[in-house]
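Every letter in the sequence shown is one number past the one before it in my numbering, and letter 161, counting from 1, is 161.
Calculated directly from the structure, the hints in this document are not laboratory data.
Mimicking DSS-like on lysine-lysine, the simulated pairs with C-alpha atoms at most 27 Å apart in a straight line are:
| id | residue 1 | residue 2 |
| --- | --- | --- |
| 1 | Lys63 | Lys23 |
| 2 | Lys152 | Lys185 |
| 3 | Lys152 | Lys2 |
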Amino acid sequence: DKGVIPTFYIVGRALELNPAAGKAIAALGSDIVCHGWRWIDYAPLSEEEEREHIAMTVDAVRKITGIDPLGWYTGRPSLNTRRLVVEHGGFLFDCDDYNDDLPYFVDVGGKRHLVVPHSFDNNDSRFSRGSGLETGSQFFDYVSDGVDWLLKEGRTTPRMMTVSLHCRLAARPGRMIGLERFLDKITANPDIWVCRRSDLARHWLDRFGG
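Please take these sequences and the hints and turn them into a complete structure.
What follows is the structure, encoded as structure tokens:
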């Protein structure tokens, strides 16, 4: 009810087991970043197994949601992941890096490919990692201060904030008020563009070339 349309990171097999969630995601107008076929470490898998998992994930997303996924994020990729994602085709970007605060391009087999880095900074996984972040108010204070600082820096250079949320973590009664306060803050500020991951990727591609 805040007018925010999120990006969903979707694990293929989990979607197959809960297709109703996929239908609800599609109804929101959300975009989808494929999050692997299973939530596993892909380093030990053979190249052929990983290639098959990429195809299976894309097929499941299309079949259940009717959406063409435009992004990819394995989370625990192999040395082959990015090349296989580009080889599969159909993706605007992947998020399998944490090494920058802004999108950037890499060369993958002679193709210019966009990376929109992921982040564990403004991420509710910190609730479960013993980081000292426990309450919704603490989460609000942290991400709110981050927004204020990025707005300062954004007067002279582009800035991006990734906020990652999980139903099992942020969507707890004791934490939802902090999240609601944060959404109220960012949606009320005309200087903040709250967008889907694919919108940001298209923005970057339009201005800096694909």
